[in-house]
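2 protein chains.
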Amino acid sequence: VSTPRTTGSARSAPRADQRLVQGAATRHRILARALVLAGSEGLEALTIGKLAEDLGMSKAGLFGHFGSKEDLQLAVVDEARRDFVASVGPALLEPEGLPRLLALCSAWLAWARASEGGCFFASAASEFDGRSGPVRDRVAQSVRDWLDGLTSAVDDARRLGHLEASIDPRQLAFELHSLELGGNACYQLFRDREDLARAERAIAARIEAARAPEKAGAPRRPK
Amino acid sequence: VSTPRTTGSARSAPRADQRLVQGAATRHRILARALVLAGSEGLEALTIGKLAEDLGMSKAGLFGHFGSKEDLQLAVVDEARRDFVASVGPALLEPEGLPRLLALCSAWLAWARASEGGCFFASAASEFDGRSGPVRDRVAQSVRDWLDGLTSAVDDARRLGHLEASIDPRQLAFELHSLELGGNACYQLFRDREDLARAERAIAARIEAARAPEKAGAPRRPK
Chain A
64 VSTPRTTGSA RSAPRADQRL VQGAATRHRI LARALVLAGS EGLEALTIGK LAEDLGMSKA
124 GLFGHFGSKE DLQLAVVDEA RRDFVASVGP ALLEPEGLPR LLALCSAWLA WARASEGGCF
184 FASAASEFDG RSGPVRDRVA QSVRDWLDGL TSAVDDARRL GHLEASIDPR QLAFELHSLE
244 LGGNACYQLF RDREDLARAE RAIAARIEAA RAPEKAGAPR RPK
Chain B
64 VSTPRTTGSA RSAPRADQRL VQGAATRHRI LARALVLAGS EGLEALTIGK LAEDLGMSKA
124 GLFGHFGSKE DLQLAVVDEA RRDFVASVGP ALLEPEGLPR LLALCSAWLA WARASEGGCF
184 FASAASEFDG RSGPVRDRVA QSVRDWLDGL TSAVDDARRL GHLEASIDPR QLAFELHSLE
244 LGGNACYQLF RDREDLARAE RAIAARIEAA RAPEKAGAPR RPK
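Each protein sequence line maps, in turn, to chains A and B.
First residue of the first sequence? That's 64 in the working numbering, and the numbers climb one at a time after it.
First residue of the second sequence? That's 64 in the working numbering, and the numbers climb one at a time after it.
Just chain A, with the same shape it has in the complex:
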């Protein structure tokens, strides 16, 4: 394959917007690989030197994208968050109430199953929870945001009469997230998909147990 040769100064130096696009594409490629490495060895083990070697890039080149190890770690957390939102976001298109709550829990498990090393945030939280600083804070905020989103979904289902009025949305969200975490942790440790199936069954049963009794004239239970 030959590269078409260009003539004229307009192509000899890429225009500023082309350079921006190329820079963003390179940055994305670096972060995608960094996320895989962090998933298998941990976020703290991820250094600019190790990443440069893995990508066949110069350390100086990587420093141009990320000024420090901490900047790199923060960028990886943000990349994981984008990944997570892309995987779990479509669940928000489900109808409000029980369907959306069930879809969110399923999407979390699917994301954890598909990710190298399992749920990035579960691993990073375990790695950084004893530390202080911006990486720990950003990881904690991401987990907090997920728990808040799950709490809202439970509360919506309760408000719509799909779940019993007496339930405590934060308590139920905690329980559902714990079952997600348990499925993720056991699957990563024992490599047995049955643990993810156990989590999925437990989540379905826990939500079923919190269902409001059906009333005459109430909307049909979503399947």
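Treat the hints as calculated values from the structure; they're not laboratory data.
Treat the hints with care, as some may be off.
One copy or two, either will do: identical chains are not told apart, so a pair holds if it fits within one copy or between any two.
What the hints assert, rightly or not - Subject to a maximum C-alpha distance of 25 Å in a straight line, what follows is the list of computed SDA-like cross-link-like pairs (lysine to any residue):
#1 K122 <-> A108
#2 K122 <-> P162
#3 K122 <-> L156
#4 K122 <-> F253
#5 K122 <-> A88
#6 K113 <-> G196
#7 K122 <-> D211
#8 K113 <-> S195
#9 K132 <-> D218
#10 K113 <-> D208
Model the placement of chain B on the given structure of chain A, informed by the hints.
Chain B only, in chain A's frame:
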């Protein structure tokens, strides 16, 4: 305080059994400190050099106790296991069935709350689940043993008629352990004891939901 001076060769060189006791005491002191360091920074960050510096010992002296970093890591896993058994073991003195199952779950949460960095095995599992080798295997075996013990406790409670005959002991043990893990993970990340209380309430409610209906003449429910 003056050290009593001894005369005679019998005290000038410690007898072999004294040396053994001293060696074991030193080893125990080293491992107790290693466990605290591993709890806050992770098991992989624990090196013989770092531990020697922390204890004010020579690296050569520590190498006399542990021949390699991996030997040290394995010894720390064993120490954590002894710690765990000492904390959770008394729950096995509770009467078989529901009282023992509830006591085991409470003891796990108390151990996680009291441990620097939370449950050592949850952290070590997250750290080592993507690796291979004897440290990973020993951590995985410890978690497996706990899950098996919990499964037996559930099965005993079922056999004694305290829990419904239809429950799947391994599924219920998975759910109880997930709630333990969720309480531990959220407490470590957010430093809010309410997350441990949420886990405790969820475990009690989950077991309550699995209770067998009382029959006339059946033994009274344990409180």
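Next item on the list: Using 25 Å as the alpha carbon limit, work out where K122 and P162 are close: within a copy, between copies, both or neither.
Entry: Classified as neither: same-chain Cα gap 48 Å, cross-chain 59 Å, threshold 25 Å.
Next item on the list: Measure nothing new, just compare the shortest in-copy and cross-copy C-alpha distances for K122 and A108 to 25 Å and report within, between, both or neither.
Entry: both (16 Å within a copy, 24 Å between copies)
Next item on the list: Please work out whether the CA atoms of K113 and S195 approach to 25 Å or closer within one copy, between two copies, in both situations, or in neither?
Entry: Result: close both inside a copy and across copies, 24 Å intra and 20 Å inter.
Note to self: If the cut is 25 Å between Cα atoms, do K122 and L156 qualify within a copy, between copies, both or neither?
What the structure shows: neither (42 Å within a copy, 59 Å between copies)
Check: When no copy is specified for K122 and F253, does a C-alpha distance of 25 Å or less occur within a copy, between copies, both, or neither?
Finding: neither (36 Å within a copy, 35 Å between copies)
Check: Should K113 paired with G196 be assigned to within, between, both, or neither, using CA atoms and 25 Å as the limit?
Finding: both (22 Å within a copy, 22 Å between copies)
Checklist line | 25 Å Cα threshold - placement of D218 relative to K132 | finding: Cα proximity of K132 and D218: none, with 40 Å in one copy and 49 Å across.
Item checked: Homo-oligomer pair classification [D208, K113; C-alpha up to 25 Å] -> Neither: 31 Å inside a chain and 36 Å across chains, both beyond 25 Å.
Margin query: Regarding K122 and A88, is the shortest C-alpha distance of 25 Å or less found within a copy, between copies, in both, or in neither?
Written below: So K122 and A88 pass the 25 Å test inside one copy only (18 Å; across, 47 Å).
Notebook entry, point to check: Which holds for K122 with D211 at a C-alpha limit of 25 Å: within a copy, between copies, both or neither?
Noted result: neither (39 Å within a copy, 48 Å between copies)
Going down the numbered hints, you'll see the structure goes against 2, 3, 4, 7, 9, 10, while the others check out.
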